[in-house]
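Chains F and H, in that order, are what the protein sequence lines are. Take the position in the first sequence, starting the count at 1, then add 414; the result is the number in my numbering. Take the position in the second sequence, starting the count at 1, then add 129; the result is the number in my numbering.
Just so you know, these hints were derived from the structure itself, not from any lab. From a predicted model like this one, the values you see are computed outputs, not experimental measurements. We treat Cβ as the ideally placed atom computed from N, Cα and C, and that holds for glycine. Incorrect hints may have been included.
To be verified - Listed below are several chain F residues computed to face chain H (Cβ distance under 7 Å; list not exhaustive):
| no. | residue |
| --- | --- |
| 1 | Glu550 |
| 2 | Phe605 |
| 3 | Tyr843 |
| 4 | Ala845 |
| 5 | His849 |
| 6 | Pro850 |
| 7 | Gln854 |
To be verified - Over 12 Å on every C-beta distance to chain F, these chain H residues come out as not near it, computed from the model:
| no. | residue |
| --- | --- |
| 8 | Asp163 |
| 9 | Val175 |
| 10 | Ile200 |
| 11 | Glu210 |
| 12 | Cys235 |
| 13 | Tyr257 |
| 14 | Glu270 |
| 15 | Asp311 |
| 16 | Ser321 |
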Amino acid sequence: MATLGMLDSANLNGGQKLAVKYFTVAIVLFGAQILFGLLSGLQYLYPDFLYGMLDFSVNRMVHINALVVWLLYGFLGSVYWLLEEESQHEVVGLKLGNLIYWVLTAAVTIVVLVYLFVQIGPGKESSLWLINEGREYIEAPRWADIGIVVSVLVVFFNVAATFSKGRYTGIAGVLVLDMLALFGIYLAGMFYTTNISIDQYWWWWVIHLWVEATWEVMVACIMAYGLMKVLGVSRKIVETWLYIEVALMFGSGILGLGHHYFWIGTPEYWFSIGGFFSALEPIPLVAMVVHAVFDAGARHAKNSNHPAMAWLIAHAFGNFFGAGVWGFMHTLPQINLYTHGTQWSASHGHLAFFGAYATIIIAMFYLGIQRWRGGTWMSGDLPGNGWKWKWALGLLNLGMVGMTVSMLVSGYVQSQIERAIEGSTWMGYFAAQIHPWFVQGMWWREVFGVMFLVGFILLVWDLLTIGKGESRAMQPAVSEN
Amino acid sequence: MATSQWWASESFWRKTAIWVTGGSFVALILLTMDTIPQISTGSKRVPAYSVINYRISYKFDETRHVQVPVIGAKEPLFGKELNEEEAEALVKLGKLTTQSKNCMNCHTLLGNGAYYAPDLTKSWLDQYWGTKEVREVQMLEFIKDPSDKLHNSMGRRMPKLEITDEEARGVVAFLKWMSSIDTNGFPYNFKSIEQES
């Protein structure tokens, strides 16, 4: 082991060396996401800002695509991070894994440059192949889709083969099957059809079965690993919980897909199926809060990495409130009729993506930097009392909650004025958008967005400096057996 | 403390997870097999593309208690009746245009997309176009160059997206066809161009 407190790749195993590359790109894209979010938020307040140059549609597309890609990079990084420890075997195709990382990153760079500088094409299929598919969240052009599928298949075989050669744990089993489902589902979004009902039917397979099913199971695996690492919870406990999570998550989430099938032309029986199963979706998220908080409490919160532990707890609560409560609030068709396609969705989307996914990947960043510096002390008594990570945690979470509540207020105005009173016409839409309450919501969203940005800058600063020159080795997690 | 109860055992939950996941997925496949024919083009809920040859209204249905699209007398789009293939080609051009111009990252379609601009689900029927007599011309002009038209008091303007005349006709055809889809009453309480405002 190299010197404590020094950033040295000799501290990392093969998979972890690759993981930190994924994490680095993830952080850069996280920053891009925030930047383009602020730009599009500003356009609500000053519509002429960048008009005709970087229109709202472009900024918003980069904002949500950066989100999807940085979270995927975070997941791939996390998988490579835990792979060798979990399987107790070297990554079988590390060279190939590295190559794929560069291919993917080059593809992402080209896609973003085309988004920014080409933006749109003529109404032909070639535009969808080369420029932009024009379908929210999966705008990436078809050539990139194919590249993404090939790349993730290589990652999948790398992971599956490593586990097969080494130790096949419970986490490994869930992870491998989940990755297969996650990547397989992407195929449902890779075709063109003129029929928009069929189009959105399959589009939702990708979007919903990612974020409300396979991604949730992915983070449950990361949580299981994280709790073992940080708190020293026994494998038997985390794996039993993992199976409970999978049963509840897939049991509610797969048919919960029905809550997207209320208004796209699909038959009325989806009201009952979608309403019922999606209403159950918060249950596994409550279970996760119980699991994480109980295990932390049982060890008197004594752990080897305070920032990571704090972000894991932020994940448990963020997932529950953002995905669970904010989703439940408008999931039944009786209310969704008035909220579908308003700022309600944006409010829910922000808190859910942040609470469920961004938080736990940030926890992995902290586990990563701790090992990269040779396994330094990251419990209490950090220099400056660890003010940077604490302020970053506070500002990011407060900024996000502030944005969420602001957009919810605007959403209330929309569902009341635009939908209920004005009857959903364009004039109704405009009437709601100029209402002072709506506009105030948009202002506060921007203010809290800036707070979020400050939190992000602090986070990056902290990740670059935490543990630097630290001479104490990490506090060992309390082992159970 | 020994946890020997069956409900706390790892193997019980592993099996449960597998069965629940498998069962849910099979149920989803079966439902999908039932739904897809019901939303295929030419079905009751999603009419054939040649519906653009007819008048489309959005009327309150007494039994369902929501508004539903009603297909009325002949009223060909741009005054020219198209056969099924021609209609499909025109709507396809429109759909491809909405995708390649990235409409969905400002507008919502069937309520899905971004929230910076109005929903397009029933935009063919919107009172914004004035009267039915001028609607087609208004829509074409607007789509081709909206940038110099003050369309609301928010100051937001749709940018000029280099849409050709043919593409604009396609978009209007696509919007007219989309307004005929039975969306279970979404958007609610909609006041259409045929109604008194």
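Against the structure, the hints come out as follows:
Against a cut-off of 7 Å between C-beta atoms, the interface hint on glutamate 550 of chain F holds, since the closest Cβ of chain H lies about 5 Å away. Because the closest C-beta pair between phenylalanine 605 of chain F and chain H is about 12 Å apart, greater than 7 Å, the hint is violated. Annotation: interface hint on tyrosine 843 of chain F holds; nearest CB of chain H at approximately 4 Å, less than 7 Å. At a threshold of 7 Å, the smallest CB-CB gap from alanine 845 of chain F to chain H is about 9 Å, leaving the interface hint violated.
Against a cut-off of 7 Å between C-beta atoms, the interface hint on histidine 849 of chain F is violated, since the closest Cβ of chain H lies about 10 Å away. Proximity of proline 850 of chain F to chain H is violated relative to the hint, the smallest CB-CB distance being about 12 Å (cut-off 7 Å). Restraint check, glutamine 854 of chain F versus chain H: the minimum CB separation of about 14 Å is more than 7 Å; hint violated. The beta carbon of aspartate 163 of chain H is not kept farther than 12 Å from every beta carbon of chain F, the shortest such distance being approximately 8 Å.
Distance to chain F contradicts valine 175 of chain H as a non-interface residue, since its nearest Cβ pair spans about 5 Å, not more than 12 Å. Once the 12 Å rule is applied to beta carbons, isoleucine 200 of chain H is consistent with being away from chain F; the minimum gap is 15 Å. Glutamate 210 of chain H, annotated as away from the interface, keeps every beta carbon of chain F farther than 12 Å; the closest lies near 20 Å. A Cβ of chain F approaches the Cβ of cysteine 235 of chain H within 12 Å, the least distance being about 5 Å, so the stated non-interface status is violated.
Distance check for tyrosine 257 of chain H against chain F: the nearest CB is about 4 Å away, which does not clear 12 Å, and the non-interface claim fails. At roughly 16 Å from the closest C-beta of chain F, the C-beta of glutamate 270 of chain H stays outside 12 Å, upholding its exclusion from the interface. A cut-off of 12 Å between C-beta atoms contradicts the statement that aspartate 311 of chain H is not in contact with chain F; the least separation is 6 Å. Serine 321 of chain H, annotated as away from the interface, has a beta carbon of chain F within 12 Å; the closest lies near 8 Å.
Violated hints, listed in ascending order, are 2, 4, 5, 6, 7, 8, 9, 12, 13, 15, 16; each of the other numbered hints is respected by the structure.
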